[in-house]
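K.L.:
The residues making up each chain are set out below.
Number of protein chains: 2
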Amino acid sequence: MHRNLSVRSRKNGESSAPAGKHRFTMSSLRGTQQPDLSKKLFKLIKTENHAISAYETAGRERVAIASQLSDWGESTGDDALSEVSDKLGVLLAEIAEQEDMFAQGLEEYRGVLKQIRNTESSVQPSRDHKAKISDELAKLKYKEPTSTKILTLEQELVRAEAQSLVAEAQLTNVTRQKFREAYQVHLAAFLERSEKQALLAKQAQRLLLLLDDTPVVPGEEHRPFEGNEAARVILNDAEAELKEWTPSWEMVPQEHQGIIEDHRNVVEGKHYEGEDSTVGSHFADAGASSVGGEHVGGQHVGGQQSGAVYSAEDREREQQLEQERERQPVAA
Amino acid sequence: MHRNLSVRSRKNGESSAPAGKHRFTMSSLRGTQQPDLSKKLFKLIKTENHAISAYETAGRERVAIASQLSDWGESTGDDALSEVSDKLGVLLAEIAEQEDMFAQGLEEYRGVLKQIRNTESSVQPSRDHKAKISDELAKLKYKEPTSTKILTLEQELVRAEAQSLVAEAQLTNVTRQKFREAYQVHLAAFLERSEKQALLAKQAQRLLLLLDDTPVVPGEEHRPFEGNEAARVILNDAEAELKEWTPSWEMVPQEHQGIIEDHRNVVEGKHYEGEDSTVGSHFADAGASSVGGEHVGGQHVGGQQSGAVYSAEDREREQQLEQERERQPVAA
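Protein sequence lines, in the order shown, are assigned to chains A and B. So the first sequence is numbered by this note's numbering: it starts at 503 and just counts up by one. So the second sequence is numbered by this note's numbering: it starts at 503 and just counts up by one.
Any given hint might turn out to be false.
In this list, chains with the same sequence are indistinguishable; a pair is considered to hold if it fits within one copy or across any two.
Only pairs whose alpha carbons sit at most 20 Å apart, straight line, appear in this in silico SDA-like list of lysine to any residue [what the hints assert, rightly or not]:
1. Lys680 with Gly579
2. Lys541 with Gln617
3. Lys641 with Asp580
4. Lys680 with Thr716
5. Lys616 with Asp580
6. Lys680 with Ile652
7. Lys541 with Ser577
8. Lys616 with Ser577
9. Lys680 with Arg725
10. Lys616 with Lys645
11. Lys541 with Asp580
12. Lys548 with Glu558
13. Lys745 with Arg734
14. Lys645 with Pro537
15. Lys680 with Glu723
16. Lys680 with Ser577
17. Lys641 with Glu599
18. Lys745 with Leu507
19. Lys616 with Ser584
20. Lys541 with Glu558
21. Lys541 with Val660
22. Lys541 with Gly579
23. Lys616 with Asp538
24. Lys680 with Asp581
25. Lys680 with Ser584
26. Lys634 with Leu659
27. Lys745 with Glu599
28. Lys634 with Leu655
Since the hints were made in silico from the structure, they are not lab data. All of these numbers come straight from a predicted model, not from anything done at the bench.
Go ahead and model the full structure; you've got the sequences and the hints to work with.
P.N.:
Here's what the structure looks like:
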């Protein structure tokens with residue numbers, strides 16, 4: 503491990519060039535059209551798309567290789583080689599399948615990142631709006647200190663500030679929660695691929711041992727292959743192990759899980775002047791929280807809980823909650 | 503696991519189309535120029551090359567993503583997110599590095615496959631030669647049954663048959679040995695990637711837990727981040743684990759290992775009429791063997807020895823032996 507304590511790119515502020523060769527694609531152009539706030543994440547999501555495509559390609563090629571291997575084995579006219587290469591092909595095809603499932607897992611994680619990016623994009627206007635009014639007000643106070651419009655603008659600024667306060671809270675809440683969720687999904691995809699491919703590879707190692715590679719002298723034949731049954735057993739074992747596989751890491755729900763439900767009531771009881779109803783309904787859960795002393799940040803330092811991943815039910819439950827919230831009228 | 507008992511392509515004899523979309527590359531043309539015997543393996547080696555490129559691309563993109571993640575984290579202005587994303591980036595970059603090492607391992611396996619392919623290519627002429635002489639002889643016997651050339655051709659055919667016998671033995675010996683070696687290297691590459699990426703991913707899971715994702719209310723700040731030290735510890739742990747990593751599978755030398763040395767003497771004492779000296783020297787070890795009763799093929803059926811991989815020293819030793827053999831004059 504070439505140890506770095508940071509992978510942050512040295513040129514601060516400038517958009518970091520990818521480590522690989524430069525890609526001359528439309529994505530760079532589109533990136534510049536994004537609001538400042540979401541530009542970096544936009545680019546990351548694009549790069550991730552390239553990486554996912556590469557894994558999909560690899561998986562596809564590996565499936566082809568598995569079948570080519572089996573065909574080649576048959577063409578050698580060597581019974582043992584034919585059987586072993588064919589069954590090895592089955593295991594390699596399954597390993598390739600895992601590559602594809604992995605790509606799907608990365609796609610899921612990419613979807614979660616998009617939620618952060620969308621929040622970033624949607625928060626930008628409220629920042630801009632506040633800045634604009636503040637600007638107008640300053641100008642007016644300088645040019646027409648007695649204008650009656652000053653009071654109106656001041657009121658508008660208070661509303662804009664309140665809206666911005668909510669927007670920023672939404673941003674930080676969504677970002678932290680979705681960041682954790684995204685990388686939990688990401689790491690789970692890596693772990694699942696690792697564990698499943700490892701168990702398949704170990705069965706494939708057993709399979710290879712069925713092939714007697716003791717050299718023969720010219721004119722001599724290899725002894726007849728007697729490993730057909732053993733090869734079948736190995737495939738059965740691999741299938742059974744894959745079926746019985748469960749994640750080696752714990753499915754710990756995220757810390758805020760219980761809270762989402764609680765603080766919905768709080769959100770509904772609160773009202774921030776100027777809150778934009780479209781933004782508000784979208785992020786109803788992020789703007790407020792009933793968090794008291796029950797959560798101490800960063801206390802899970804040790805290895806006791808070495809993994810926290812949303813279970814499928816958790817995710818489903820949260821989605822239901824989100825839908826419910828969207829159906830409810832925003833507090834007004 | 504969608505269980506197949508074979509991945510052999512259905513259309514027998516025809517060249518199998520890859521599972522993915524059709525590739526319109528030079529490789530198809532070149533493939534047709536290969537001797538029949540090595541055509542299938544030639545294609546497989548080509549496909550493997552595409553797969554390796556895909557993994558290299560994925561690795562490169564993943565390194566870029568790691569750095570983009572860290573940059574994005576910094577740009578959020580959130581101390582906790584900045585620190586966690588930066589250290590997570592370090593671990594993700596290391597995971598990406600493993601992807602690249604994996605591609606190198608596949609490249610090594612591809613090299614071993616090429617040795618089989620080259621043997622296949624070099625055996626083709628001896629098959630063709632034998633067929634040609636046999637043909638000529640038959641024609642001559644029909645047209646000029648009393649020709650004196652018949653005796654010469656018959657002698658030549660005996661030599662060609664002997665040569666062919668050696669070539670076929672070389673082919674089967676090299677193929678079985680290198681097949682096992684190739685897929686041992688192949689599976690070892692998968693296993694190493696799996697095990698190393700899994701340990702890195704589990705440390706990354708610990709890292710994620712440092713990020714407190716408890717929602718805040720508008721105007722409220724997240725509590726200050728106190729996980730810097732813990733994050734450093736996690737990186738140290740990951741580094742230490744990676745350093746201490748050893749393969750979980752056994753490094754069992756191949757069955758024929760001891761034999762290569764023994765039967766060199768046998769090879770030197772033997773002489774096959776008509777043996778082509780360039781082929782002969784190249785495959786000196788494959789043409790003969792002193793194998794007696796000490797090897798029973800396929801007895802490693804059970805799980806006792808669930809992996810047999812050349813150690814680096816084994817491979818080095820064999821290479822040395824090969825070089826020695828090439829330096830020695832062929833038996834004559």
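K.L.:
Taking the hints in turn, state whether each one holds.
P.N.:
Consistency of the hints with the structure:
Proximity of Lys680 and Gly579 under a CA criterion of 20 Å is satisfied inter-copy only: 17 Å between copies versus 56 Å inside one chain copy. Proximity of Lys541 and Gln617 under a CA criterion of 20 Å is satisfied intra-copy only: 14 Å inside one chain copy versus 50 Å between copies. Neither within a single protomer nor between protomers do Lys641 and Asp580 lie at most 20 Å apart by alpha-carbon distance, with minima of 89 Å and 32 Å respectively. Taking the shortest alpha-carbon separations for Lys680 and Thr716, only the inter-copy value of 12 Å comes in at or below 20 Å, while the best intra-copy value is 57 Å.
For the identical chains of this complex, Lys616 and Asp580 are inter-copy neighbours only, at 19 Å across copies versus 53 Å inside a copy, given an alpha-carbon limit of 20 Å. Neither within a single protomer nor between protomers do Lys680 and Ile652 lie at most 20 Å apart by alpha-carbon distance, with minima of 41 Å and 86 Å respectively. Only between protomers do Lys541 and Ser577 lie at most 20 Å apart by alpha-carbon distance; the minimum there is 10 Å, versus 54 Å within a single protomer. With identical chains, the CA atoms of Lys616 and Ser577 are at most 20 Å apart between copies only, with a shortest distance of 17 Å across copies and 49 Å within one.
For a Cα distance limit of 20 Å, the shortest separation of Lys680 from Arg725 across copies, 18 Å, qualifies, whereas the shortest one inside one copy, 61 Å, does not. Proximity of Lys616 to Lys645 under the C-alpha cut-off of 20 Å is found in neither arrangement, the shortest distances being 44 Å within a copy and 82 Å between copies. Taking CA atoms no more than 20 Å apart as the test, Lys541 paired with Asp580 passes between copies only; the shortest distance there is 17 Å, against 58 Å inside one copy. Taking the shortest alpha-carbon separations for Lys548 and Glu558, both the intra-copy value of 16 Å and the inter-copy value of 18 Å come in at or below 20 Å.
For the homomeric pair Lys745 and Arg734, the shortest alpha-carbon distance inside one copy (17 Å) is at most 20 Å, but the shortest distance between copies (38 Å) is not. Taking CA atoms no more than 20 Å apart as the test, Lys645 paired with Pro537 passes in neither setting, with 32 Å inside one copy and 89 Å between copies. When the C-alpha separation of Lys680 and Glu723 is checked against a cutoff of 20 Å, the pair qualifies only between copies, where the shortest distance is 18 Å, while the shortest distance within a copy is 63 Å. For a Cα distance limit of 20 Å, the shortest separation of Lys680 from Ser577 across copies, 16 Å, qualifies, whereas the shortest one inside one copy, 53 Å, does not.
Proximity of Lys641 to Glu599 under the C-alpha cut-off of 20 Å is found in neither arrangement, the shortest distances being 64 Å within a copy and 55 Å between copies. Taking the closest pair of Cα atoms, Lys745 and Leu507 come within 20 Å of each other only across two copies (16 Å); inside a single copy the shortest separation is 39 Å, beyond that limit. Only between protomers do Lys616 and Ser584 lie at most 20 Å apart by alpha-carbon distance; the minimum there is 19 Å, versus 48 Å within a single protomer. For the identical chains of this complex, Lys541 and Glu558 are neighbours neither inside a copy (26 Å) nor across copies (26 Å), given an alpha-carbon limit of 20 Å.
In this homomeric assembly, Lys541 and Val660 never come within 20 Å of each other (Cα to Cα): the closest approach is 29 Å inside a single copy and 77 Å across copies. Taking identical chains as interchangeable, the C-alpha atoms of Lys541 and Gly579 lie at most 20 Å apart only when they sit on different chains, with a minimum of 15 Å there against 59 Å within one chain. Proximity of Lys616 to Asp538 under the C-alpha cut-off of 20 Å is restricted to the intra-copy arrangement: shortest distance 15 Å within a copy versus 51 Å between copies. In this assembly of identical chains, Lys680 and Asp581 lie within 20 Å of each other by CA distance solely across copies; the values are 16 Å between and 54 Å within a copy.
With identical chains, the CA atoms of Lys680 and Ser584 are at most 20 Å apart between copies only, with a shortest distance of 15 Å across copies and 50 Å within one. For the homomeric pair Lys634 and Leu659, the shortest alpha-carbon distance inside one copy (9 Å) is at most 20 Å, but the shortest distance between copies (97 Å) is not. For a Cα distance limit of 20 Å, the shortest separation of Lys745 from Glu599 inside one copy, 14 Å, qualifies, whereas the shortest one across copies, 30 Å, does not. In this assembly of identical chains, the alpha carbons of Lys634 and Leu655 lie at most 20 Å apart only when taken from the same copy (11 Å versus 100 Å across copies).
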